[in-house]
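Could you build all of it, start to finish, from the sequences and the hints given here?
Start counting the sequence shown at 29; every next residue gets the next number (the numbering used here).
Please note: incorrect hints may appear among the correct ones.
Unchecked claim - Lysine to any residue pairs mimicking SDA-like chemistry, simulated, CA-CA at most 20 Å apart:
| id | residue 1 | residue 2 |
| --- | --- | --- |
| 1 | LYS30 | ASP252 |
| 2 | LYS94 | GLY160 |
| 3 | LYS94 | GLY84 |
| 4 | LYS30 | SER138 |
| 5 | LYS30 | ASP206 |
| 6 | LYS121 | THR131 |
| 7 | LYS135 | ILE107 |
| 8 | LYS135 | ASP101 |
| 9 | LYS30 | ALA210 |
| 10 | LYS94 | ASP139 |
| 11 | LYS135 | LEU145 |
| 12 | LYS94 | LEU140 |
| 13 | LYS30 | SER173 |
| 14 | LYS30 | ASP246 |
| 15 | LYS135 | ASP99 |
| 16 | LYS135 | ARG106 |
| 17 | LYS30 | LEU40 |
| 18 | LYS94 | ASP142 |
| 19 | LYS30 | VAL247 |
| 20 | LYS94 | LYS30 |
| 21 | LYS94 | ARG136 |
| 22 | LYS121 | ASP111 |
| 23 | LYS94 | ALA146 |
| 24 | LYS135 | VAL123 |
| 25 | LYS30 | GLY203 |
| 26 | LYS30 | ILE200 |
| 27 | LYS30 | LEU145 |
| 28 | LYS94 | GLU155 |
| 29 | LYS30 | ASP253 |
| 30 | LYS94 | ARG150 |
| 31 | LYS30 | PHE211 |
| 32 | LYS135 | ALA112 |
| 33 | LYS94 | GLU153 |
| 34 | LYS30 | ARG248 |
| 35 | LYS94 | THR131 |
| 36 | LYS30 | ARG249 |
| 37 | LYS94 | LEU137 |
Hints in this document: simulated from the structure, not taken from any laboratory. All values derive from a computational prediction rather than experimental measurement.
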Amino acid sequence: MKATPAAQQELLRLQALDTRLAQIAHRLGSLPQAEQLAELGRRDDAARRRRTESSGVLDDARAELKRVESDVDVVEARIVRDDARLAASTSVKDVAGLESELTSLRKRLSDLEDIELAVMERVEELERDVQGIDDEREDIASEVSRVSDERDEAAGALTTERDQAARDRAAIAEGLPDDLEAFYERRRVAGGGIGAALLRQRTCGGCTITLTGSDLEDVRRAADDEVLQCPDCDRILVRTDESGL
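Rendered as structure tokens:
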């Protein structure tokens, strides 16, 4: 393949921009904020699961409290009723029966009130636990917002840099012969992102191997407009005054 030395040297500019674009893409894909956000997401998921579990326990405790409160209401109503009947009764037998029943009811009421107090305390403790988890999730959400802003700012700067590099690359590529550009693209894909390398002091900038012997003589004898490839890595070998030929 033939191409002017100037066109070949433009490949170095194209390669520099392709390398830069690859670096920017890597940085965009590995922003430190991304891992921070992933960790915050894991923490929030764990907190959400804990809240679901705690809320279930709290609901059970509240249901138990309602049952105890209902039992208390029933016993209190019976005490009020028996007190009224006792006050109106003139039968010794009935009075004795009512007094015995009232003693049992007041004992039952006292026991229920103790249970009610214990359940109320448990409900309050569980409510504090749930509220604590809600506060934790609010803190996580606030941190997510802050880190997201940092990520967007960093990504925005890199995106601007990427877009400018892409425009510069397009301008250089447009000025290259189509066959040279196509050949460069094939070598870049095969070369792991490097399609063209500078030959500096007889050393390939792509594989860092120094040309010697017949390989070096072939390069020395080649015409300036001959598009050469490194005999070791097959990348396009661009010659300049730095090549040491």
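Now the hints, each set against the structure:
Pair hint LYS30 plus ASP252 holds up; C-alpha atoms about 9 Å apart against a cutoff of 20 Å. At most 20 Å may separate the alpha-carbon atoms for a hinted pair to count; LYS94 and GLY160 exceed this at roughly 24 Å. With a C-alpha separation of about 15 Å, the suggested pairing of LYS94 with GLY84 holds against the 20 Å cut-off. Proximity of LYS30 to SER138 is assessed by CA-CA distance (about 104 Å); at most 20 Å being required, the pair is judged violated.
Only pairs whose Cα atoms come within 20 Å are accepted, and LYS30 paired with ASP206 is accepted, the gap being roughly 12 Å. As the CA atoms of LYS121 and THR131 are separated by approximately 16 Å, the hinted pair is consistent with the 20 Å bound. About 11 Å separates the Cα atoms of LYS135 and ILE107, which keeps this hinted pair within 20 Å; it holds. At most 20 Å may separate the alpha-carbon atoms for a hinted pair to count; LYS135 and ASP101 meet this at roughly 14 Å.
Taking the CA atoms of LYS30 and ALA210, the gap is about 13 Å. The hint holds against a cut of 20 Å. Distance check on the hinted pair: LYS94 and ASP139 sit about 16 Å apart at the alpha-carbon level, within 20 Å; holds. A hinted pair counts as satisfied when its Cα atoms are at most 20 Å apart, and LYS135 with LEU145 qualifies at roughly 15 Å. Only pairs whose Cα atoms come within 20 Å are accepted, and LYS94 paired with LEU140 is accepted, the gap being roughly 12 Å.
Between LYS30 and SER173 the CA atoms are separated by roughly 56 Å; this puts the pair beyond 20 Å, and the hint is violated. Among the hinted pairs, LYS30 with ASP246 is consistent with the structure: their alpha-carbon atoms are about 16 Å apart, no more than 20 Å. Restraint check for LYS135 and ASP99: the C-alpha separation of about 13 Å stays at or below 20 Å, so the hint holds. The suggested pairing of LYS135 with ARG106 holds, with an alpha-carbon distance near 13 Å, which does not exceed 20 Å.
Among the hinted pairs, LYS30 with LEU40 is consistent with the structure: their alpha-carbon atoms are about 17 Å apart, no more than 20 Å. For the given pair, LYS94 sits about 14 Å from ASP142 by alpha-carbon distance, which is consistent with the 20 Å threshold. A distance of roughly 14 Å separates the Cα atoms of LYS30 and VAL247; the hinted pair therefore holds under the 20 Å criterion. This hinted pair does not check out: LYS94 and LYS30 have alpha carbons roughly 91 Å apart, beyond 20 Å.
Restraint check: the Cα-Cα separation between LYS94 and ARG136 comes to about 17 Å, which is no more than 20 Å; the hinted pair holds. A hinted pair counts as satisfied when its Cα atoms are at most 20 Å apart, and LYS121 with ASP111 qualifies at roughly 15 Å. A C-alpha spacing of about 13 Å is found between LYS94 and ALA146, which places the hinted pair at or below 20 Å, so the restraint holds. Proposed proximity of LYS135 and VAL123 is supported: the alpha carbons are some 18 Å apart, at most 20 Å.
The straight-line distance between the Cα atoms of LYS30 and GLY203 is roughly 16 Å, inside the 20 Å bound, and the hint therefore holds. Restraint check for LYS30 and ILE200: the C-alpha separation of about 18 Å stays at or below 20 Å, so the hint holds. Under the criterion of a C-alpha separation no larger than 20 Å, the hint pairing LYS30 with LEU145 is inconsistent with the structure, at around 94 Å. Proposed proximity of LYS94 and GLU155 is supported: the alpha carbons are some 16 Å apart, at most 20 Å.
About 5 Å separates the Cα atoms of LYS30 and ASP253, which keeps this hinted pair within 20 Å; it holds. Between LYS94 and ARG150 the CA atoms are separated by roughly 13 Å; this keeps the pair inside 20 Å, and the hint holds. A hinted pair counts as satisfied when its Cα atoms are at most 20 Å apart, and LYS30 with PHE211 qualifies at roughly 11 Å. Proximity of LYS135 to ALA112 is assessed by CA-CA distance (about 19 Å); at most 20 Å being required, the pair is judged to hold.
Note on LYS94 and GLU153: the hinted pairing holds, with a Cα-Cα distance of about 17 Å set against a maximum of 20 Å. Annotation: proposed proximity of LYS30 to ARG248 holds, straight-line Cα distance about 16 Å (limit 20 Å). For a cut-off of 20 Å, the pair hint linking LYS94 to THR131 is broken: about 24 Å separates their Cα positions. Taking the CA atoms of LYS30 and ARG249, the gap is about 15 Å. The hint holds against a cut of 20 Å.
Note on LYS94 and LEU137: the hinted pairing holds, with a Cα-Cα distance of about 15 Å set against a maximum of 20 Å.
Of the hints listed earlier, those the structure fails to meet are numbers 2, 4, 13, 20, 27 and 35, in rising order.
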